[in-house]
Amino acid sequence: MKLVRDVLDKKLTDREDCAMGRVSGLVLHVGEKTQPRITHILIGGPTLWMRVHPSLAALATRLARVWGPKRTGPVRIPWSRVDTVGKNVKLDVIARETGALDWELWIAEHIIERIPGGGKEEEE
Amino acid sequence: MKKILQLALGIVTSVGGFLEIGSVTTAAQAGASFGYKLLWAILLGTICLIFLVEMSGRLSAVSKHTIVDATRERFGFPFFSIVMLAMVIVAFLVLVAELGGIGLSLQILTGIGFPWWALPVSLGVWLLMWKGTFSLIENGASLLGLVTISFVVAAVKLHPDWGSTAHGLLPTMPGDQKAKYGFIAVSILGASISPYLMYFYSSGAIEDKWDESYIPMNRIIAGLGMTFGGFLSMAVLIAAALAFQPRGIDIEKFEQAALLMTTALPKWGFFLFAFSMLFACLGAALEISLAIAYFFAQGFGWSWSEDLTPSRDSRFSFVYTLIILLAAIPLLFGVDPIKVTMMSMALTAATLPLAIVPFLFLMNDPIYLGKHRNGWISNTVVTVVIVISFVLAVISIPLQIIGG
Numbered sequence: 001m002k003l004v005r006d007v008l009d010k011k012l013t014d015r016e017d018c019a020m021g022r023v024s025g026l027v028l029h030v031g032e033k034t035q036p037r038i039t040h041i042l043i044g045g046p047t048l049w050m051r052v053h054p055s056l057a058a059l060a061t062r063l064a065r066v067w068g069p070k071r072t073g074p075v076r077i078p079w080s081r082v083d084t085v086g087k088n089v090k091l092d093v094i095a096r097e098t099g100a101l102d103w104e105l106w107i108a109e110h111i112i113e114r115i116p117g118g119g120k121e122e123e124e
Numbered sequence: 001m002k003k004i005l006q007l008a009l010g011i012v013t014s015v016g017g018f019l020e021i022g023s024v025t026t027a028a029q030a031g032a033s034f035g036y037k038l039l040w041a042i043l044l045g046t047i048c049l050i051f052l053v054e055m056s057g058r059l060s061a062v063s064k065h066t067i068v069d070a071t072r073e074r075f076g077f078p079f080f081s082i083v084m085l086a087m088v089i090v091a092f093l094v095l096v097a098e099l100g101g102i103g104l105s106l107q108i109l110t111g112i113g114f115p116w117w118a119l120p121v122s123l124g125v126w127l128l129m130w131k132g133t134f135s136l137i138e139n140g141a142s143l144l145g146l147v148t149i150s151f152v153v154a155a156v157k158l159h160p161d162w163g164s165t166a167h168g169l170l171p172t173m174p175g176d177q178k179a180k181y182g183f184i185a186v187s188i189l190g191a192s193i194s195p196y197l198m199y200f201y202s203s204g205a206i207e208d209k210w211d212e213s214y215i216p217m218n219r220i221i222a223g224l225g226m227t228f229g230g231f232l233s234m235a236v237l238i239a240a241a242l243a244f245q246p247r248g249i250d251i252e253k254f255e256q257a258a259l260l261m262t263t264a265l266p267k268w269g270f271f272l273f274a275f276s277m278l279f280a281c282l283g284a285a286l287e288i289s290l291a292i293a294y295f296f297a298q299g300f301g302w303s304w305s306e307d308l309t310p311s312r313d314s315r316f317s318f319v320y321t322l323i324i325l326l327a328a329i330p331l332l333f334g335v336d337p338i339k340v341t342m343m344s345m346a347l348t349a350a351t352l353p354l355a356i357v358p359f360l361f362l363m364n365d366p367i368y369l370g371k372h373r374n375g376w377i378s379n380t381v382v383t384v385v386i387v388i389s390f391v392l393a394v395i396s397i398p399l400q401i402i403g404g
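Going line by line, the protein sequences match chains A and B.
Under our numbering, the first residue of the first sequence carries the number 1, and numbering increases by one thereafter.
Under our numbering, the first residue of the second sequence carries the number 1, and numbering increases by one thereafter.
Don't take each hint at face value.
Below, a list of computed lysine-lysine pairs in the DSBU-like style, where the Cα atoms sit at most 30 Å apart [stated by the list, open to error]:
id, chain 1, residue 1, chain 2, residue 2
1, A, K90, B, K209
2, A, K120, B, K131
3, B, K371, A, K90
4, A, K87, B, K64
5, A, K90, B, K64
6, A, K2, A, K87
7, A, K87, B, K3
8, B, K3, B, K371
9, B, K157, B, K180
10, B, K209, A, K87
11, A, K87, B, K2
If you are wondering where the hints come from, they were derived from the structure by calculation, not from laboratory data.
So that you can see chain A by itself, here it is in the shape it has in the complex:
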């Protein structure tokens, strides 16, 4: 498996195939005597914008402090929760419990559901 080609920027889905963003970054543990290993997948937040320019990451953090679900850091998913790596990266988690859907739920609750016909997020 090649990390950049096969994992970074891949779409993430939870155990019910619910879309939960893309892999924005990876956390590696580099030990002195052990081989480097991935410990976490990072989703969204400043990690993503840091890859373009640090000032964009700072701006994203500042905006997240004043608006939205007030999540400033990226969502961290332990690598041990990775189920399969294929077309998507499938995780053995429930998306809404990880924080990856905070923005989705916040926009649904504060904007979309208030418009007639927007429906309720919980509805099947």
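Dock chain B against chain A, hints included.
Quick look at chain B alone, frame taken from chain A:
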């Protein structure tokens, strides 16, 4: 049987959805200013579009990825963010032009100025997105758009000299007004080769759950649908050449463009023109709004489908709601939709390499396409047309701006 019906519907909707304010305005300007001389630009643009649309469908059918998905995954977020910025800005300008086109159509029908229509039109487009399904947007608006076939009737009724029109299919340089000629040629290419159409088409293939068995159907839809669509653009140019050039009129106002229909069809021409533009721009506005929302949702890995209740893909729904609202603002202040159209079409051509070059890499990548990757013919045709468009854009846009 189901596939034959899908095929027929695909071709019909490709034809009905082909024309929009960009293709009509640029073709009409070309005909009015240079007679048949710019028919080659429509031919070139249409050939390139046939290849690109076929590729877009093939990528989705084989890899189950949309173009946006694959671009983000293959090239990474930093490069993707540049493509996204350019594509969203250009698509937004085209959306302003299309909403303006609906407003202008209503203006000539009712006498009420287009700025007054900006909000009702945006609200109407948004409502169709909010309540409608993907097939309503894909098929409904395009079927109404079949009224644009009346441009062919108008062109034929004006009895063009078919020998001269055939000459127009070969590029020639004009004696004077070279900058204007180049600018209109670029705008025609930009109007024909619309990246938003590729994003929409590839997302549609995923919405409609295409697999490899759809490859032959995709090829026929792209080939026949876009060819017939190209004929419609050519019909607009031919009708404009005959209706305007003998009178030496340069199209500056939308109302003048109606002449290309009323000259041939004095009784019904005016209404046919107004409704053709209304439905053509409506279909395009819906497709562009969706394409922009798809771009964000697929790029960031959100849930997306036009068939879901808005709250179930709230970020996707929020993007098109916001974009449609923002696009109404310039029109409210009376910004001329025709000027926005010409500039956005030229900008589309200038930014084509950014959209098409990574796409060509994807289409040649065995990871995504396996044995279905591009052959040398598709690669060559698309590369040549994109290079021509880009070079023409780089030369003629500054000249046009300097020359006003």
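Check whether the Cα positions of A/K87 and B/K3 lie no farther apart than 30 Å. holds (27 Å)
30 Å Cα cutoff - pair A/K90, B/K64: holds (16 Å)
Agreement of B/K157 and B/K180 with the hint, judged by alpha carbon distance not exceeding 30 Å: holds (29 Å)
Need the status of pair B/K3, B/K371: alpha-carbon distance at most 30 Å? holds (23 Å)
Are the Cα atoms of A/K2 and A/K87 separated by 30 Å or less? holds (14 Å)
Mind checking the alpha carbons of B/K371 and A/K90 for me, to see if they're no more than 30 Å apart? holds (26 Å)
Given pair status - B/K209, A/K90, alpha carbons within 30 Å: holds (20 Å)
Measure nothing beyond the straight line between the CA atoms of A/K87 and B/K2; if it is 30 Å or shorter, mark the hint as holding. holds (29 Å)
What's the verdict on A/K87 and B/K64, does the C-alpha distance respect the 30 Å limit or exceed it? Answer holds: A/K87 to B/K64 is near 8 Å, not above 30 Å.
Does the alpha-carbon distance linking B/K209 and A/K87 stay inside the 30 Å limit? holds (16 Å)
Do the alpha carbons of A/K120 and B/K131 lie within 30 Å of each other, as the hint requires? OK: A/K120 and B/K131 at ~14 Å, within 30 Å.
In summary, this structure violates none of the numbered hints.
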